[in-house]
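Undergrad: Hey, can you work out the whole structure from these sequences and the hints?
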Amino acid sequence: MSVKDADQFLVEQFQSGDRGAFDALVQRHYRRIYDYAYYFTHDVEEAYDITQEVFLRAFKALNGFKGDSSFYTWLYKIATNACIDHRRRRRVYRRVALYEDLNVEAGLDRMPDRERLPDEQVLDLEIDEQIKQAVRQLPEKQRQVFILRHFEGLSLQEIADILNRELGTVKAHLFHATRKMRRLLAPYLEEVAVGGHEEG
Amino acid sequence: MGKRVGRRFERLIPAYLEGVLTERQWRWFQRQLRRSEACRQELERYRRLYRHLDRARVEYPDPQALESFLPRLYERIAQETPEPKPRSWTARLWDRWTAQVAVGGLVGSLVGSAVALLLALTASGLGILSESRMAEGGETVLVTVSGDEATPAIATVEAFLVTAEPVGPTLSSGDPGFEGSSPSLGGSSPAFSSEATSEERTPPLSPLELYFPETGADFGTLVAFQP
Chain A
75 MSVKDADQFL
85 VEQFQSGDRG
95 AFDALVQRHY
105 RRIYDYAYYF
115 THDVEEAYDI
125 TQEVFLRAFK
135 ALNGFKGDSS
145 FYTWLYKIAT
155 NACIDHRRRR
165 RVYRRVALYE
175 DLNVEAGLDR
185 MPDRERLPDE
195 QVLDLEIDEQ
205 IKQAVRQLPE
215 KQRQVFILRH
225 FEGLSLQEIA
235 DILNRELGTV
245 KAHLFHATRK
255 MRRLLAPYLE
265 EVAVGGHEEG
Chain B
71 MGKRVGRRFE
81 RLIPAYLEGV
91 LTERQWRWFQ
101 RQLRRSEACR
111 QELERYRRLY
121 RHLDRARVEY
131 PDPQALESFL
141 PRLYERIAQE
151 TPEPKPRSWT
161 ARLWDRWTAQ
171 VAVGGLVGSL
181 VGSAVALLLA
191 LTASGLGILS
201 ESRMAEGGET
211 VLVTVSGDEA
221 TPAIATVEAF
231 LVTAEPVGPT
241 LSSGDPGFEG
251 SSPSLGGSSP
261 AFSSEATSEE
271 RTPPLSPLEL
281 YFPETGADFG
291 TLVAFQP
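As given, the protein sequences belong to chains A and B, one line each in that order. Per the numbering used here, the first sequence runs over residues 75 to 274. Per the numbering used here, the second sequence runs over residues 71 to 297.
Check the hints yourself; a few may be wrong.
[What the hints assert, rightly or not] Short, incomplete list of chain B residues facing chain A, as computed with Cβ under 7 angstroms: (1) Arg101; (2) Leu103; (3) Arg105; (4) Ala108; (5) Leu119; (6) His122; (7) Ala126.
The set of hints was computed from the structure by calculation and includes no laboratory data. We treat Cβ as the ideally placed atom computed from N, Cα and C, and that holds for glycine.
TA: Below, the structure written as structure tokens:
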């Protein structure tokens, strides 16, 4: 049974009253949804809360799910909306707690324990941090497409379905985002600058 | 490599890495790769970017939080989608009584209103048209009027009957059982002149034949025939 068929089977089970089927659906997908939320927020607690919110919304709406798209596409749609809602709420919050938030963004509240990590891991951490910062700088629509493509590994068509956009628009967003990321991460893409850490 | 060519090449790199270049673009792109070291280096930078992205790590909450994911989720589900609580027996009893009283009251008032209306009409002695049918193309029309005064009913019949030919016993004003002419049966309407004879009736507007049986009862019957 394919992933899609298995999901569809579980959805039907749930719709016929088997609540245990929902447990199985959560187990199968919560990691992916968490990852997606994490790439959106770069915050563990926020990603966790968003993931809970996504499955809560899914639980409420699952009886109305007709299977026009695959379950995980449907779930990503919910996740995208939840992330956007979260960002809106966070914007309001940022106005209130700007000083505290700036400290978080600057990494002052959570410095990596460099003494315990080898050089390569330190560099990876640094690049990770730079990627997070760069992703944050992408415009909203480009960021959605970029995350779904590069971190979630979805196809361009799947992304178009999830975001309800034309395939051409999705491509344009992705290519713009990729070029912008290349510029933002330029110092880490030069072979010399990387200093022998390059594997490829 | 010229600046314009370099810009065009760079613009096409993401599409190249996604494998969505057109054939023509792909050929041009390959040609540039063969010709230009700068193009190859730029492509390599993008490949590095992709590798970094692949290696980008996700931080997860501590294992306890992950284990409690489902229980916490169901907690929230229970909070946000409460199941309807069963109603107390007093509330159910109240519902039943109020429903019964409401339905009983409604039915009672309807029956009462109907009886009151019937009594009022009977007491006033107004004629009640109990049956009527419109005459169409030579159909027989039977109209029964109860009550002392048949005038309202006759007025209604007047409008329906236009081509009547007598088939039953006819009445004239002098015949027994004929109780005078009503205003609606007067000479102003040739179709319904009670004084007209059968010879005087000419289509299309023939007179209405009226017959009041001598029942001796208070309620008379008006019968109109149309062949």
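Undergrad: Does each hint fit the structure? Answer for all of them.
TA: Now the hints, each set against the structure:
1. For Arg101 of chain B, the shortest C-beta to C-beta distance to chain A is roughly 21 angstroms, which exceeds 7 angstroms, and the interface hint is violated.
2. Annotation: Leu103 of chain B was flagged as interfacial toward chain A, and the flag is violated, the nearest CB pair being 17 angstroms apart, outside 7 angstroms.
3. Residue-level restraint check for Arg105 of chain B is violated (minimum Cβ-Cβ distance to chain A is 21 angstroms; threshold 7 angstroms).
4. The restraint placing Ala108 of chain B at the interface with chain A is violated, with a minimum CB-CB distance near 13 angstroms, outside the 7 angstroms limit.
5. Taken as an interface hint, Leu119 of chain B checks out: its beta carbon lies about 5 angstroms from the nearest beta carbon of chain A, inside 7 angstroms.
6. At about 5 angstroms, the closest approach between the beta carbon of His122 of chain B and any beta carbon in chain A falls short of 7 angstroms, and the interface hint on this residue holds.
7. Contact between Ala126 of chain B and chain A, as hinted, is supported at the beta carbon level, the nearest pair being about 5 angstroms apart and thus within 7 angstroms.
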